[in-house]
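S.K.: These protein sequence lines are chains A and B, in that order.
Quick note on the numbering used here: the first sequence kicks off at 1 and runs consecutively.
Quick note on the numbering used here: the second sequence kicks off at 1 and runs consecutively.
To be clear, the hints were calculated from the coordinates, so they are not data collected in a lab.
None of these values were measured; they are calculated from a predicted model.
Be a bit skeptical, because a hint or two may be false.
The list makes no distinction among identical chains, and a pair is therefore deemed to hold if it is satisfied within one copy or across any two copies.
Lysine-lysine pairs mimicking DSBU-like chemistry, simulated, CA-CA at most 35 Å apart [what the hints assert, rightly or not]:
1) K59 to K241
2) K204 to K157
3) K26 to K271
4) K45 to K271
5) K237 to K271
6) K271 to K43
7) K165 to K222
8) K43 to K241
9) K271 to K104
10) K2 to K237
11) K20 to K237
12) K236 to K157
2 protein chains.
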Amino acid sequence: MKVSVIGLGLMGGSFALALKQNDSVKMIYGVDKNKDHEAAAIKNKIVHTCVPLEEGILKSDVIIIATPVDAISYLLPQVLDLMSPEQLIVDLGSTKSYLCESVKNHALRGRYVAAHPMAGTENTGPLAAFSSLYEGAINVVCDQSYSDDSALKLALKLFNDVGMKTVFMDSGDHDKHVAYISHLSHISSFMLGLTVLNIERDEKNIANLAGSGFESTVRLAKSSPEMWAPIFAQNKKFVSKALAEYIDQLSAFKQMIDVEDSPGMSEAMEKANDIRRILLIH
Amino acid sequence: MKVSVIGLGLMGGSFALALKQNDSVKMIYGVDKNKDHEAAAIKNKIVHTCVPLEEGILKSDVIIIATPVDAISYLLPQVLDLMSPEQLIVDLGSTKSYLCESVKNHALRGRYVAAHPMAGTENTGPLAAFSSLYEGAINVVCDQSYSDDSALKLALKLFNDVGMKTVFMDSGDHDKHVAYISHLSHISSFMLGLTVLNIERDEKNIANLAGSGFESTVRLAKSSPEMWAPIFAQNKKFVSKALAEYIDQLSAFKQMIDVEDSPGMSEAMEKANDIRRILLIH
């Protein structure tokens, strides 16, 4: 099997590295508009070689798109136009409704499998890629009834080969849920970083105090703006709603601090402690 | 040397375990109002034995208070009343101004060293304690000029023995800085947990989607309300201000999402990326 990976960053690079361990994958073509990323992906043996987009599509059985979601929405219809009905295309983007809607009426819609692996780190680019990124991760496949059986079967085999467990979800449900679980976490962390950096401008030595708790909470503030701005734009409705609810909770807690309502604070924190239950599911 | 540790949770228990590796410490007495914690501390060899508060003070060269900060503010003047001018008392609380102010005029103020180790985990109780918690951590000592030279020297030796590097700070500066770096992180995480738990009540399977990013950001939401409510109350002024600034940043970002200002979002996230610099200091 020959595979093209479009977008050689953390997600695409790691997928390529994981597929290389698969005996049935004989050739992996890389495609990236950033020529430094292509050179790094070849040098680090992430892909066998790099080719122009059209050549990759022509030569591959499977095409993986792992670019930021604005580029996916731009590339997906173009790639489908160039594909034949034997080929498979999979995207790994963090939003799904907009993408599924944009190709709903395409003649080759059945060859597309809309996926979102719940895996990642705060690092970006081909040098951030590693072969075990997807091992043990949950993968969400959306609107699977629109994919042909043969396309879905092959995609599920590849997801399984790289170590993921796939669950199925309506693309609207997916976008709502990830707005709370993933997208809101990133905004929470980005803005915590900004707030601390603002005070740090005026106060010396504040960085000295950063302990492991702060480091954990602010980790996602290192994430790529190029990747995240399009996600927030495409999932605007649900992200804005989740963020409004978060701001309401923070404002209510601030009010409790201001009026010294310690029992109220304790009650809110005790409720929040139940998050252990969700994290233990994994 | 004989040491009493008052409060046998994560902080006190870990301090006791670290001191036990010190040849000059011959006896560690534990004191906790929770008798189950005393039993667990003895059973797990965290302390040599447990004694009533007065007995611990009478028999010890050094007294460590590692209770929640409301109990510290209650116990600290009482313990100083019972101490002799040869003894040393250290607290490990997360707030410092209120505690320093409360004993400012005590005859034995010089025997008190106000400390805040920047170490911890989201777990609580004696079973969460481990001997390496303090290794490599920054320790903040506040208002050190109010401590006797001999008291300060012995305290610094103990902090060094358990693996910490001590920095000195005015207690007001300390409270302001930790409001941003530590206390705000905890509120951010507690309220993220609450927001996600609220939506999870209505939406099935949302927990399935929790990846490592969410787990990292929400980790501190597991923390102890008993420990944190008194911290927010004692550091009300600075915590409320930090929280107001955080809410302002989140509201501005929400506004950018709502009007689809992608360049504005990218600019804010690029600024936040500079948090790498602060985290690299460690």
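S.K.: When the structure is checked against the list of hints, which entries are broken? Sort them ascending.
M.R.: 1, 3, 8, 9, 10 and 11
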